[in-house]
Amino acid sequence: MRAIDRKLLRDLWQMKGQAVAICLVIMSGVALFVAQIATLERLRITQQEYYNEYRFADVFASCKRAPESVARQILAIEGVESVQTRILVDATLDIEGLDQPAIGRLVSLPDTGRPELNDVHLRSGRWPTADNEVLANESFAMARGYREGSTLGALLNGRKRTLVITGVGLSPEFIYSIQGGASPLPDDKHFGVLWIPRKGLETAFDMEGAFNSVNLKLAPGASGPEVVRRLDMLLDRYGGFGTTLRANQLSHWFLNNELEQLSNFGVVVPLVFLGVAAFLLNVVLNRQVNTQREQIAALKAFGYGNFAIGMHYAKLIALFVVIGTGLGAAVGAWLGNALVGLYGTIYHFPSLTFSLNPLVPLAAGGLSGAACFAGTLKAVLGAASLPPAEAMRPKAPPLYRPTMLERLGLQRMLSQPSRMILRNLERRPVRALLSVSAIGMAVAILVWGFAFMDSIWYVIDSQAYDIQREDVTVAFVEPRPASALHSVRAQHGVLHAEPYRTVAARIRFEHRDRISGVTGVPRGVTLSRVLDENLRPIQLPADGLVMSRWLAKALNVRTGDAVRLEVLEGSRPALDVPVVELVDDFVGLNAYMDLDALGRLMGEADVYSGAHLRVEPALQATLYRKLKEMPAVAGVAVKASSIKSMRDQITANLMYSVMFNIVFACIIAFGVVYNNARIALGESARELASLRVLGLTRAEISFILLGELAVLTVVALPVGCLMGWAISVATGELLNTEVIRLPLKISDFSYAFGCAVVLAASAASALVVRRKLDHLDLVEVLKSRE
Amino acid sequence: MKWAKYILMAAAALAVLAVVAWGFMPKPVPVDTAAVSRGHLAVTIDEEGRTRVRDRFVVYAPLPGQMTRVELREGDPVDAGLVVTRLAPMAPVPLDARARAQAEANVRAAQAARDQSAKQAESARASLEYAENRVKNLRELLKGKHVPQDSVDAAETQFRVAEANHSSALFAQASAGFQLEAAQAALVDDGPAPAKLVEVRSPVKGRVLRVLRQSEGPVAAGEPLVEVGDPAALEIVADLLSRDAVKVTPGMKARLERWGGQGTLDAVVRMVEPAGFTKLSALGVEEQRVNVVLDFAGATPGPAALGDGYRVEVRVILEESINVLKVPAGAVFTVKEGSALFVLSGGVASRVVVKTGRRNGLEVEILEGLSEGTLVILHPPDTVEDGKAVIAR
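In the order they appear, the protein sequences are chains A and B.
Counting in my numbering, the first sequence runs from 1 upward without gaps.
Counting in my numbering, the second sequence runs from 1001 upward without gaps.
Wrong hints could be hidden among the right ones.
Looking from chain A toward chain B, a few residues come up when the C-beta cut is under 8 Å (computed) [to be verified]:
id, residue
1, Y146
2, R147
3, D606
4, P631
5, D748
6, C755
Keep in mind the hints are simulated off the structure, nothing from the lab.
Keep in mind that this is a model prediction, so the values were computed, not measured.
A virtual CB, placed ideally from N, CA and C, is assigned to each residue, including glycine.
Kindly generate the complete structure, drawing on both the sequences and the hints.
Listed below in structure tokens is the structure:
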């Protein structure tokens, strides 16, 4: 081993504390990168294989009722490769031991065997053959503990039927199994997909020789939008509810959105971590080069060239990178395994396993190496090009001047050590600034990690307590006259009922359009209200539309513009309606209208789609039993259960991944603060030793060093909070989609937590530094420079 | 100087810690509030109802016949005795080919019968003339006692027989003539309108509510033609669930809402029908319902804009008082002790058990436990509990 390499190991040992901290930071970044990118890759591949093998459709359309002969016309549309018609209905399920009604999405299986598109993977059991036999989707079957032979009651078109489960299945159409509507989270206890032979649905829903749902596979190179346009035209007379491309299919959208978030955060978060690591390395290396000027000079005198010196320091960095990446890859693989397992519980694939593509840790190594070398390039080049003669000379002492405070004549208020602290800071403002931003970064990363959680809780709480104040929402099968509302109101246990009307419509503006529900809100509403961003109720105008800001953005509409409202039900009127106001709501793309105004538009009066209820808790069970039996009730959503399941799920899923971010953020915070303290100690060890020789006590020199650190830390806290806010704002936009928006609401707790972790790290570091100062070997320190 | 420095340092450290600690402190939960107020509270039963004309007269066709066009339109004023329409006897039914052939054959048969009877009459007259001559001759001979009395008597008898036969044949001839006419009449299928018309009149003064038969044409006896009534004399009928109807008694006040015009209208329950009926509700379940009939309150019989069979929302007021202590219903929740709510006092939510009285869907009467002006928390979120810091939004 060459002497210079021995020096490398010795140097590393000397700064072992810092080395551990830096390696841990690199490890954190690499681990997150490896875990998330490897998971992303696995999910993408699994998704693609699943889609191909089970023939996931490209186009999805539904209508009221179309004769089977239309299928041939659809197949004739240019670009359509295959067509699968089917019957798809939602039915109220009556499950033993569950008061609350559940919703079953009944999907017909063709009489001729397996579905041509959106095939079902049979996990266990056998295919249903009789009219009353069904396959249940896996998440529902698991949540309810169903096995082959289990039975459940269903209200099919007003008639009660008993369905027998013959097996458990999975379909690419329901990888993410949600009902759609208000809640973007699955509720597997109360929503399930049931595949049933077509003739079972045909007779129950009077759909002999007809279909209400059709899926298409497009030929390669076919124009999706053109097929959608033609299909919409074709289905219009059969009460078409609009056509969506695969990109907007519910399950696919959620999975893709998740993958997109994963790819965003799988890169952004590790980059932030690696950036911090690069910064730390930069500081460490600069200091190393400065203190080893004579050694560099001596080495150069012994014949080591500039390149060899540069390589020496580069090797030091490479060591950090290799150790950090190695650890990171191992932790990342473990984490990725857990993450894939977690995804498997939310997104349902026939099989989803973790495997680590070796390219991923290699890419992580390359990324961390690039970041670290980029961060330290200047220091390495500086060391390499240091002229030996100049290197022999100690660095010129910096110019000390009275500080601002002193020039203002306030020195009398400050002791000598205090003045030294201030002069130290003012002497090297760049270094002070870097320290402040480094410590601030530690605060910021923690604040950022918590900001995401804060936003989610804010949305859930606002949605649950301010926007939806009802206990139960009852949806009618078809729009019903006002007497239905009175009937609901008259049920035992109902304290108060308020109607609503939703109309499926395509909202068009210029060349953009979106399918959205238009909700009619009665005047004087107290339960399900439309709120502004400060959660204050909005008075709906007597005419015109109020819409989500995101819908307006998607359509490029401003208030005052008139949009075309093409209603997709009833007599399908199409009208121009002005957009009067925009609201910042959280979930979905919505449009709201005064109930009476919507009624006038539809040419109907006092017709409701359902009602929001406040109920007497003690009478809930009997009320649910009654509602379940009502043929005209399509669904009953209970808020308490949806909030509860939402909270459970978020704590289960998000907390898990966010917790890792927070653990890693804590590692960074400690790494930064500890490094900063150690470097400050290293840089001023000689001066402090000299002061000791001059007669200052241990307490006094500790005060000078730790006081400086304390000032930097205290300044860094608010700066860090500000930085945390700024990062959250910058990345917050990434989280907002057409399905859910998370407004930035950072709680005081998050700021306080960030500050507290950094303060604790600072205190711990201060203790270490203090111990080092107490054991300062005066002779050794003072000697080393000569 | 030194102690001052330490105190300063300690103070600075404390200040930083305090700020951080403050961040960790639970923050007051933002809540919506409302003040306990004193005012009007009504407990109501709400149901969809419709207006109807109190006395309704249907004009029926008194007999089958051909009706002239009803020139009245819905809304036209009518007086008692005004002719609504006129009924004429039916025109003959057109003959199909078989009936016509039959009828024609009948005519020809009748013609033949008439001819036959004419000939018979001729024969009878000839017999009569002979009998008459014979009687005349025998009488001449009797004068000369050439024949016995008996021969004359016999001849006279024969004469009378012949005379009777002759008249009979004449009658038969006339009858055959009439039968021919009858057979010919059966062939007639269009002819001039008969002159005699039956007038159908309105029984009362009022307005035409509905014209059930507008056009001219044949009607059957008992067919409804026109509905007449006084649309200003309206009543409201609403079918209440039988268990709600038992709480309603005649004389109760009610309000009519969502009738299309401004504001609400007042009404009074006149009658709860004694018999209920089963009705399939809009939710698809069978319910027992009872018709409750209401009158518009006051002298005015209801706004002119309302007519027969218009939709209104009826709110029958079971109890009403204008001065009760009340809170919005969203503030009250059920607890073991009865009802409770959260009061906002000094930035803290405190749970107060109250005694509640009347309640409708929106407001609850407070009998005990609160005073006017107290701020209560509306729809308290799960995060609010007794003693928890809250802040009014």
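Consistency of the hints with the structure:
1. Interface restraint check: Y146 of chain A against chain B, minimum CB-CB distance 28 Å, threshold 8 Å, status violated.
2. The beta carbon of R147 of chain A comes no nearer than 33 Å to any beta carbon in chain B, farther than 8 Å, and the hint placing it at the interface is violated.
3. Annotation: D606 of chain A was flagged as interfacial toward chain B, and the flag holds, the nearest CB pair being 7 Å apart, inside 8 Å.
4. The beta carbon of P631 of chain A is positioned within 8 Å of a beta carbon in chain B (closest approach about 3 Å), and the interface hint is therefore held.
5. Among the interface hints, the one on D748 of chain A holds; its C-beta lies about 4 Å from the nearest C-beta in chain B, closer than the 8 Å criterion.
6. About 5 Å separates the beta-carbon of C755 of chain A from the nearest beta-carbon of chain B, less than 8 Å, and the hint is met.
Figure legend: structure checked against the earlier numbered hints; hints not met, in rising order: 1 and 2.
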